[in-house]
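Keeping the supplied structure of chain U fixed, place chain X upon it in accordance with the hints.
Chains U and X supply the protein sequences, listed in that same order.
Under full-length UniProt numbering, think of the first position of the first sequence as 1, with each following residue one higher.
Under full-length UniProt numbering, think of the first position of the second sequence as 1, with each following residue one higher.
Treat the hints as calculated values from the structure; they're not laboratory data.
Incorrect hints may have been included.
All copies of an identical chain are treated as equivalent in the list; a pair is satisfied when it fits inside any one copy or across any two copies.
Claimed, not checked - Dumping the calculated SDA-like pairs for lysine to any residue here, alpha-carbon to alpha-carbon at most 25 Å:
#1 K167 - V57
#2 K272 - V250
#3 K167 - H248
#4 K304 - R387
What follows is the residue order along each chain.
2 protein chains.
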Amino acid sequence: MADETAISGTTEESIRGRAAVDKASAVRAPEDRDFVEQLGSGLAPSQLAEDEATLTVYSADQGPLLERHLPLAVVWAESVQDVQHIVRTCSAHRVPIVARGAGTGVSGGAHATRGCIVLSLERMDRILDLNPDDETAVVEPGVINAELNAAAAAHGLMYAPDPASYKMSTIGGNVATNAGGLRCAKYGVTRDSVLALDVVMADGSLLHTGHQTFKGVAGYDLTALMVGSEGTLGIVVGVTVRLKYLPHEVHTIAAFYQDFRSAAAGVLAVGKARVQPAIMELLDNGTLEQLDALHGSDLQKRGKSLLLIQTDGFGAAAEAAVVRQVLADGGATVTMEASAEAEMLVELRRNSRGVEVDDEFRVGEDIAVPRSKLVEFVASLEAMAVRHRVRLKVVAHAGDGNLHPTFWMDRVDDATDADALVRLNAALDESIQVGLEMGGTITGEHGVGQYKLRWLGLEQPEPVRELQRRIKELFDPAGILNPGKAI
Amino acid sequence: MADETAISGTTEESIRGRAAVDKASAVRAPEDRDFVEQLGSGLAPSQLAEDEATLTVYSADQGPLLERHLPLAVVWAESVQDVQHIVRTCSAHRVPIVARGAGTGVSGGAHATRGCIVLSLERMDRILDLNPDDETAVVEPGVINAELNAAAAAHGLMYAPDPASYKMSTIGGNVATNAGGLRCAKYGVTRDSVLALDVVMADGSLLHTGHQTFKGVAGYDLTALMVGSEGTLGIVVGVTVRLKYLPHEVHTIAAFYQDFRSAAAGVLAVGKARVQPAIMELLDNGTLEQLDALHGSDLQKRGKSLLLIQTDGFGAAAEAAVVRQVLADGGATVTMEASAEAEMLVELRRNSRGVEVDDEFRVGEDIAVPRSKLVEFVASLEAMAVRHRVRLKVVAHAGDGNLHPTFWMDRVDDATDADALVRLNAALDESIQVGLEMGGTITGEHGVGQYKLRWLGLEQPEPVRELQRRIKELFDPAGILNPGKAI
Numbered sequence: 001m002a003d004e005t006a007i008s009g010t011t012e013e014s015i016r017g018r019a020a021v022d023k024a025s026a027v028r029a030p031e032d033r034d035f036v037e038q039l040g041s042g043l044a045p046s047q048l049a050e051d052e053a054t055l056t057v058y059s060a061d062q063g064p065l066l067e068r069h070l071p072l073a074v075v076w077a078e079s080v081q082d083v084q085h086i087v088r089t090c091s092a093h094r095v096p097i098v099a100r101g102a103g104t105g106v107s108g109g110a111h112a113t114r115g116c117i118v119l120s121l122e123r124m125d126r127i128l129d130l131n132p133d134d135e136t137a138v139v140e141p142g143v144i145n146a147e148l149n150a151a152a153a154a155h156g157l158m159y160a161p162d163p164a165s166y167k168m169s170t171i172g173g174n175v176a177t178n179a180g181g182l183r184c185a186k187y188g189v190t191r192d193s194v195l196a197l198d199v200v201m202a203d204g205s206l207l208h209t210g211h212q213t214f215k216g217v218a219g220y221d222l223t224a225l226m227v228g229s230e231g232t233l234g235i236v237v238g239v240t241v242r243l244k245y246l247p248h249e250v251h252t253i254a255a256f257y258q259d260f261r262s263a264a265a266g267v268l269a270v271g272k273a274r275v276q277p278a279i280m281e282l283l284d285n286g287t288l289e290q291l292d293a294l295h296g297s298d299l300q301k302r303g304k305s306l307l308l309i310q311t312d313g314f315g316a317a318a319e320a321a322v323v324r325q326v327l328a329d330g331g332a333t334v335t336m337e338a339s340a341e342a343e344m345l346v347e348l349r350r351n352s353r354g355v356e357v358d359d360e361f362r363v364g365e366d367i368a369v370p371r372s373k374l375v376e377f378v379a380s381l382e383a384m385a386v387r388h389r390v391r392l393k394v395v396a397h398a399g400d401g402n403l404h405p406t407f408w409m410d411r412v413d414d415a416t417d418a419d420a421l422v423r424l425n426a427a428l429d430e431s432i433q434v435g436l437e438m439g440g441t442i443t444g445e446h447g448v449g450q451y452k453l454r455w456l457g458l459e460q461p462e463p464v465r466e467l468q469r470r471i472k473e474l475f476d477p478a479g480i481l482n483p484g485k486a487i
Numbered sequence: 001m002a003d004e005t006a007i008s009g010t011t012e013e014s015i016r017g018r019a020a021v022d023k024a025s026a027v028r029a030p031e032d033r034d035f036v037e038q039l040g041s042g043l044a045p046s047q048l049a050e051d052e053a054t055l056t057v058y059s060a061d062q063g064p065l066l067e068r069h070l071p072l073a074v075v076w077a078e079s080v081q082d083v084q085h086i087v088r089t090c091s092a093h094r095v096p097i098v099a100r101g102a103g104t105g106v107s108g109g110a111h112a113t114r115g116c117i118v119l120s121l122e123r124m125d126r127i128l129d130l131n132p133d134d135e136t137a138v139v140e141p142g143v144i145n146a147e148l149n150a151a152a153a154a155h156g157l158m159y160a161p162d163p164a165s166y167k168m169s170t171i172g173g174n175v176a177t178n179a180g181g182l183r184c185a186k187y188g189v190t191r192d193s194v195l196a197l198d199v200v201m202a203d204g205s206l207l208h209t210g211h212q213t214f215k216g217v218a219g220y221d222l223t224a225l226m227v228g229s230e231g232t233l234g235i236v237v238g239v240t241v242r243l244k245y246l247p248h249e250v251h252t253i254a255a256f257y258q259d260f261r262s263a264a265a266g267v268l269a270v271g272k273a274r275v276q277p278a279i280m281e282l283l284d285n286g287t288l289e290q291l292d293a294l295h296g297s298d299l300q301k302r303g304k305s306l307l308l309i310q311t312d313g314f315g316a317a318a319e320a321a322v323v324r325q326v327l328a329d330g331g332a333t334v335t336m337e338a339s340a341e342a343e344m345l346v347e348l349r350r351n352s353r354g355v356e357v358d359d360e361f362r363v364g365e366d367i368a369v370p371r372s373k374l375v376e377f378v379a380s381l382e383a384m385a386v387r388h389r390v391r392l393k394v395v396a397h398a399g400d401g402n403l404h405p406t407f408w409m410d411r412v413d414d415a416t417d418a419d420a421l422v423r424l425n426a427a428l429d430e431s432i433q434v435g436l437e438m439g440g441t442i443t444g445e446h447g448v449g450q451y452k453l454r455w456l457g458l459e460q461p462e463p464v465r466e467l468q469r470r471i472k473e474l475f476d477p478a479g480i481l482n483p484g485k486a487i
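Isolated chain U (complex conformation):
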């Protein structure tokens, strides 16, 4: 369960990913031996690993690590029956199960916990059905988001949710975190595309939720309850999704501003013009600086902030014309029509994730605020960065009010590490508090996982949390499904 006092208790290790391996898990108790044997008895040898290298790889996702635990084993399910066997075996032995897809999560939702096994669903990667007339697909959880999109594109269709990890992450993982992405303001988040789920419950039974049709209101919406529950209520083994139409046409606009405030005002101006872009990404000066450093570009010379907008569909050209006009009126330097550069910038933004999750002196967030608070919130972030003597860069899915601010520092020598990390985390905690005061949420799309439990109590009062704990108990009385995550 969450420890709400953890804000002050954050340790250097927890932030830096230098967590000591939990040695206890390396010494195997006889009952664990029995358990692993029983687990393996229902699987092929290639479906279970116990070597330390594999256990280590599968012990964490891309989220900050508080304490590394090696799982008792890693198992790869290749069928629904495999998952049922694994869950039943774990249930009998009360062994926690951490399910994962590609492990690209950034909140620690797939971090191994003490004495657990890690259940990888990456081998269940078949697109079972893709019906262009129904505009639906049925997939196993391990299907990569981009692969489903490639298959759908052959029919002029797309699977809309597009997290930055879309080339690596799985639909199952997207479902577990209710993943967002760049185009959700227009096309919705994962929950809005999921029609039905096959779920292996904590007792090993298989439950089918939802409906194959676009609409359906029979009974409680168990599908929506499962989406975003981070593997704590059941193991998703099948996903029926609605597909949408690949846009007829796409127009891309890059607008440079001399300050962030004007760029954020541009977001609201596009809204006031009642144009709904497919993508509306806001990049601050810190981000432009990083992109220049990485790619040798000269973005910073052209402005202090960049607003990247894509319109799509049959109205894309007309919408782009309105957007250009509105942004120019607001003082932006706007790229010309069909700008290859603008498209390249969107690609850079879309694929910038790799460089963002890989630094010990960088703490990132996923706050969403009401759209009208964008300017005020970023101004607060800038003041925090100054006060805590850290650097800041901000990328926002501006159409959603979803910001990914990152506080960071250049790598410093060991002697000052502790101080640096304290300052980074003080800025981070303050950003969360200010975001919440503005009516925001601690996580727009990444999920709570393990890492954000320390803030969840700031957003959700105890009765809401208690209700969620009781739902968890109802679904998983023994508490074996990804304990200590999400709620």
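For chain X alone, kept in the frame of chain U given last:
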């Protein structure tokens, strides 16, 4: 709880709305007297009624009535505190609460049950906030859908879900049933527009679910769980919704076909052209006949089926051009550009609800099937109508695969009533079974209420139903919130 044997047990009374008043409820027990006094003690005199005329009016919504029960009292809450007082009093006395908005539901979700009170939320009708920059609104549950839309339209915004009852029904009622409407295929159903809820729980406590932002994934999606739960998990007293942009431009196309099959093929052809209409309504010959009879029009002379399509947004004209071409290629007679007649037809369709819910010899449904099954399903319906010697008309939100077939008969003399009703219901039950066999659902947008409980077990297997019952128990241990509905 549902009685799955009810299919064969349907009585004449149940169908014809001639149900006898439950006399038991007219004789007031002393403990009921005490309860009503206590209920009234916290309310103004104008907030409670016990006269038989009022009790009768509030004893049912527009759904078929199985057995009429008069409530002990009708109370009108005017504040969240009122609702809390009412729920606490009912909780203390274990009196069931049937919450309702405008009572326009057609599944009996707001029918009074034995010994209940009816809690009307129609007086909680304030739009508390409408923020054009955030593109959100906060409303009390009694706000009429059309009034929220009127307020939003002043800012170039709209509240997207548009059930046929939109001029009468309340947002609270829309939330309770997860209402759909004409434009959901493009803009989503109620759930997709609801960001947060204030809910009075069964113990009288006030819970706030969700987030003020477009995106938010902290904890389980309690908001989605509440939406569509028909007042069985809590009483919704506040709703935060996302607004969308009023379309820049709307084009309307009417396409007449010589048979229903070709019209349904037109729906798929528009899909294949990857055009997403805002509205796509399919009307069969029976419906055209009815419209002609009501309005003196000559629709039947022009075709045996009508496909009504609206495209909207900046691409409306270009989309309409594609749609016209595709439909003409499929053999349709297509109206010219900017047809006033086509717009009039959409208005007729949109406001046709009044004539559909008001006949004792008419049984309507709300089945959704995968889009590709539209033709096959309607062919089956036609065969059923012939076999059971009843008449049929079908209107479909074709973009969603959501059909409203109606089996009906001309009014017959009393001697043959029983046989007529048996035939109508046999056709109805068969239509449900065939719809389910095609991968459909028993309710696309109306809700299960009380009336459709008899079919729920055909769609949802026992473990799914049992899980829902346990969720219900968790939220409402004493079972006072709209018992015998929804699940």
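Under a CA distance limit of 25 Å, which applies to K167 and H248: within one copy, between copies, both, or neither? within (22 Å within a copy, 35 Å between copies)
Which holds for K304 with R387 at a C-alpha limit of 25 Å: within a copy, between copies, both or neither? within (21 Å within a copy, 73 Å between copies)
Between K167 and V57, at a C-alpha cutoff of 25 Å, which is it: within one copy, between copies, both, or neither? within (20 Å within a copy, 58 Å between copies)
With identical chains, the pair K272 and V250 could be close in the same copy or across copies; at 25 Å between alpha carbons, which is it: within, between, both, or neither? both (21 Å within a copy, 19 Å between copies)
In terms of the numbered hints stated before, the structure departs from none.
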